[in-house]
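I would like the entire structure built from these sequences, with the hints used as guidance.
Number of protein chains: 2
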Amino acid sequence: MEKVSTYCFTVEPFYVDFTGRLFLSVLGNHLLNAAGNHSHDRGWGIDQLNEVHYTWVLSRMCIELYDMPRQYEHVEIETWVESVMKLFTERNFLIRNADNGHVYGYARSVWAMIDTSTRRPANLLTLHDGDILRYVLSAEEKPCPIERFKAVSPLTPDQQPDTIPLDPKYSDIDINGHVNSVKYIEHILDIFPVQTFETHQISRFDIAYKTEAFVTDPLQLLCKNADGEYHLEFRKNVGSGKRPDGELVAQARIIWKEQ
Amino acid sequence: MEKVSTYCFTVEPFYVDFTGRLFLSVLGNHLLNAAGNHSHDRGWGIDQLNEVHYTWVLSRMCIELYDMPRQYEHVEIETWVESVMKLFTERNFLIRNADNGHVYGYARSVWAMIDTSTRRPANLLTLHDGDILRYVLSAEEKPCPIERFKAVSPLTPDQQPDTIPLDPKYSDIDINGHVNSVKYIEHILDIFPVQTFETHQISRFDIAYKTEAFVTDPLQLLCKNADGEYHLEFRKNVGSGKRPDGELVAQARIIWKEQ
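Line order of the protein sequences matches chains V and X. Just so you know, we're using our numbering here: the first sequence kicks off at 1 and counts up by one. Just so you know, we're using our numbering here: the second sequence kicks off at 1 and counts up by one.
Keep in mind the hints are simulated off the structure, nothing from the lab.
Which copy is meant is left open, because identical chains are indistinguishable; a pair holds if it fits in one copy or across any two.
Below are the BS3-like pairs computed for lysine-lysine, each with C-alpha atoms no more than 30 Å apart in a straight line:
#	residue 1	residue 2
1	K86	K210
2	K169	K224
3	K224	K257
4	K3	K150
5	K169	K210
6	K242	K150
7	K150	K210
8	K242	K169
9	K224	K150
10	K242	K210
11	K257	K150
12	K257	K210
13	K257	K142
See below:
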């Protein structure tokens with residue numbers, strides 16, 4: 001089995017924004033589907049892992065884009081595993097025009113595996129006798145020329161972030177009962193005025209998933225413009241108990257560029 | 001060219017709800033994509049029509065489902081044109097499991113064509129010398145065993161419908177700058193408690209698009225349970241000018257069944 005797989009899709013009209021460019025959230029869906037298919041084809045799919053009480057958990061994702069695929073374009077996503085550590089594995093993506101080879105951008109993701117009965121992390125190096133190591137393509141063999149996720153400090157009240165209440169709804173919830181990882185991206189972009197998308201495009205988007213949110217968790221979305229970078233956080237249980245600032249659910253960062 | 005075309009898709013994990021069933025809004029996207037591809041393959045695609053200043057406008061859609069495709073299932077959508085009148089054409093859909101032929105349900109849609117320079121409807125019978133008539137498959141030749149859209153009266157204040165404010169956001173807006181036809185479906189289902197989807201499934205969903213809404217139009221979503229059927233309306237310009245009840249943007253009806 002090859003270490004890299006390629007998955008294709010067409011940018012259908014109902015998946016582009018008002019500027020004719022693919023929604024970032026839909027691109028995120030395609031990246032996660034490519035990850036799922038690549039894992040499945042090598043015996044490490046969520047459906048196969050569920051049978052042995054394990055599942056993949058997305059921990060971090062960063063996407064860096066030179067430009068965004070447009071309506072009717074044919075896009076291919078290459079994906080491969082860059083590294084495997086005890087508790088995490090890094091999976092990378094290349095996003096390319098399938099007809100002319102133009103590279104739209106790259107993405108990186110970090111995944112953990114958890115035991116669904118104990119909710120504890122599994123040791124990736126020993127699971128299935130370390131079979132996953134057979135699929136690693138090092139950064140020297142297959143470079144991914146974008147920086148890894150850069151951790152940022154949580155927002156503090158003295159930064160006076162904008163705060164938007166957000167109650168998860170039916171369409172936000174995935175098959176595990178959690179707020180869908182891609183819906184966080186959609187909610188984040190929805191707080192920007194649409195004019196932003198006329199004059200700017202997303203150059204870099206980072207997101208870290210800290211803990212799960214359920215449909216019963218009212219969320220707050222915090223946003224702060226810090227020197228041209230937007231820092232965003234989803235929090236739950238705000239104002240309750242010992243942690244009045246709430247519990248960090250996800251943390252994101254957007255860098256826009258003028259177009 | 002055959003009169004019927006078939007388009008396939010796989011129910012990917014990120015497009016199913018918490019019960020493991022395809023989101024109705026995503027099914028709606030696939031129906032519209034099938035319509036777009038079927039038209040395009042016969043020279044009547046939106047991209048081809050735009051060059052001659054025409055475009056398709058979706059007027060009505062009804063979907064009737066025996067059950068809903070589930071995660072990882074392969075689905076095929078057959079679509080064909082049932083009739084062409086001067087100002088409208090009817091397009092039908094059959095939704096089927098691609099592996100075992102199980103029929104999930106059917107859908108009907110009604111489309112108008114407008115001249116994008118004058119915003120007036122075009123005469124489908126004379127456009128391109130009536131070429132579209134070559135693709136008609138009558139109800140006798142290819143039955144679609146669900147009822148046509150049933151018009152319902154607009155809700156009145158004395159019915160005391162629930163009213164939910166809804167400000168269109170970036171992710172709601174399509175390439176024409178309007179609220180995306182499928183996003184209305186998503187917003188409608190989001191007003192139901194998630195428990196509804198545990199005990200019930202959608203048996204029938206009808207929607208009629210009356211006028212466009214833009215990102216600058218604050219909307220109201222009205223909902224009334226009328227003898228087990230839910231009647232829903234999107235209105236804009238509520239409380240303004242001569243029409244304090246606002247202008248009807250879209251009208252929908254849902255029938256649930258216990259599962």
